[in-house]
Amino acid sequence: MNDMIICRCEGVFLSEILGAIEDGADSVPGVKKRVRVGMGYCQGRVCQPIVRDILGGRVGTGKNPVLQRAQPPVRPVRLGEIVR
Amino acid sequence: MKVDAVIIGAGPAGLTAAIEMIENGLSVAVIDEYYHPGGRLLGQHYEDPKAPPDERIWNGRKLADQLAEKARSLGVYIFTGVTAWSVSGKWAVALTGGEVNTVDSKVLLLATGSVEKALPIPGWTLPGAISIGAAQTFTNLHHVAVGKRMMIAGVDALSLSVMIEMKNAGINVVGMALPPLSPVTGGGYSPADTVASLTDVAGLAPNSFVRTFGKIALARFPRLIARAMRFNFLKMNGVPIHLRKSIVKIEGEQQVEAVMLQSVSVDGKPVGEMERVEVDAICLAAGLYPLVDLAETVGCPLIDIPELGGTVPLHGPDMSTQVNGLFVAGNITGIEGAKVAIAQGQLAAISILNSLGKSGSMTVNEAIKKVENAREKAPIHFLPEIGEGREKMNAIWEKEGIL
Chain A
11 MNDMIICRCE
21 GVFLSEILGA
31 IEDGADSVPG
41 VKKRVRVGMG
51 YCQGRVCQPI
61 VRDILGGRVG
71 TGKNPVLQRA
81 QPPVRPVRLG
91 EIVR
Chain B
7 MKVDAVIIGA
17 GPAGLTAAIE
27 MIENGLSVAV
37 IDEYYHPGGR
47 LLGQHYEDPK
57 APPDERIWNG
67 RKLADQLAEK
77 ARSLGVYIFT
87 GVTAWSVSGK
97 WAVALTGGEV
107 NTVDSKVLLL
117 ATGSVEKALP
127 IPGWTLPGAI
137 SIGAAQTFTN
147 LHHVAVGKRM
157 MIAGVDALSL
167 SVMIEMKNAG
177 INVVGMALPP
187 LSPVTGGGYS
197 PADTVASLTD
207 VAGLAPNSFV
217 RTFGKIALAR
227 FPRLIARAMR
237 FNFLKMNGVP
247 IHLRKSIVKI
257 EGEQQVEAVM
267 LQSVSVDGKP
277 VGEMERVEVD
287 AICLAAGLYP
297 LVDLAETVGC
307 PLIDIPELGG
317 TVPLHGPDMS
327 TQVNGLFVAG
337 NITGIEGAKV
347 AIAQGQLAAI
357 SILNSLGKSG
367 SMTVNEAIKK
377 VENAREKAPI
387 HFLPEIGEGR
397 EKMNAIWEKE
407 GIL
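Listed in order, the protein sequences are those of chains A and B.
Whatever position you read off the first sequence (first residue = 1), add 10 for my numbering.
Whatever position you read off the second sequence (first residue = 1), add 6 for my numbering.
Don't read these hints as lab results, they were simulated from the structure.
One or more hints might be untrue.
To be verified - Among the chain A residues that face chain B by a calculated CB cut under 8 Å, a handful are: (1) Glu20; (2) Lys43; (3) Glu91.
Stated by the list, open to error - Label-pair ranges, simulated between beta-carbon atoms: (4) A/Asp13 x B/Glu281: 36 to 46 Å; (5) B/Lys56 x A/Arg88: 22 to 32 Å; (6) A/Phe23 x B/Ala175: 28 to 38 Å; (7) B/Glu281 x A/Arg46: 35 to 45 Å; (8) A/Gly90 x B/Gly95: 37 to 47 Å; (9) A/Glu32 x B/Met368: 27 to 37 Å; (10) B/Ala140 x A/Asn74: 39 to 49 Å; (11) B/Glu53 x A/Glu32: 32 to 42 Å; (12) B/Glu281 x A/Glu32: 52 to 62 Å; (13) A/Gly90 x B/Pro59: 48 to 58 Å; (14) A/Phe23 x B/Met368: 47 to 57 Å.
Beta carbons are placed, not taken as given, at the ideal position from N, Cα and C, and that holds for glycine.
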């Protein structure tokens, strides 16, 4: 299989995500905690649907994999604006 | 700053809602991340064969400007180039990028639209690989050609209409083909599934489709047609649509130089040899999904309904949610075209007006009818089972939504 980047912000490759699943991750947060997928600038806006599909195909529990929870700030913002 | 209603998203739904609300006595602020109001309208330019003769050409840019101009002249505050990064209380919307830092309001309307799904094919991060929506914006809004010789991966209503728009702009599109089956899940985009989903798209180029397939065959015999497609005689606007080939790899050192095409079976399994096609750009089309993050942060339950394009906020037929004072409209509720979004924006505005003891330009029921009407008359349906999706949501709302 050709390896490729899945999470562009954090530079996480498909092989690393598959490794995380092998390691026991069965949810998007589980993969995230192991390999930093979705922890960058876009906060998973690009890669979460892909990771979810990968999990759906691999874990195969019949249930939809758990997604990460959106939390404020939902977009990048300067610390100065948060403490204002 | 304090207003009666804050709307996040200045697309067709948000702007229409703003106009309806201010015309009926509410003060309104609209917030949008982009530098120009209009949302996805800005990139849209196509012919709608189902529309009345004087409305055949859909010029999204012109409509966006008209809506924004009307809203502004009525006194709506439109903040562009400004990002809402947090929503709290009832309601305080925190902003970054402009002079105003917070807007307080009685009601909040989320019209945040949708985001493109990424399509990971080996090589998809090379410069020259761009999403189909970005290609549409470059072509129709900025008048920039994204490539000299390009291909499109993904055959659906959006990518076909963008292909036509690019051809009209004089860009050399050398072909469209399917994305590969997912290397991981083995699922995705088989020729049979793609042909079945194209029934509706035939409206885009009725001649080539009906001539090739016949209208009934398209709906009833997708597998048969997919089988016949190995001879690949479908062309639209002169562009070959390879329904039995998938783009399995994007090649290039510093930027896109070529794509590798592989013939596939009716079920999308690779068969036969690879073929190299030199291109300098590739558009990736994997569809859209609703942008729901702000709804999630304020405690609105999310429901996964694939027929609507993904996870959407639980909402009623009148666009209200379980969260008091929170309403939704447009693609955040499911992926549809601009005309439906406009009707939903008006409906949400009327529900908001009613919730504040005012009445709008029509009743909620009349506005619901208008949404259904727009859906029926839509030139293309991005999701073929959108009607079923809407019914599912209504059923869940009946059961769990009304507190």
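Violating hint indices (sorted, rising): As far as the earlier hints go, 1, 2, 4, 5, 8, 9, 10, 11 and 12 are violated by this structure, in ascending order.
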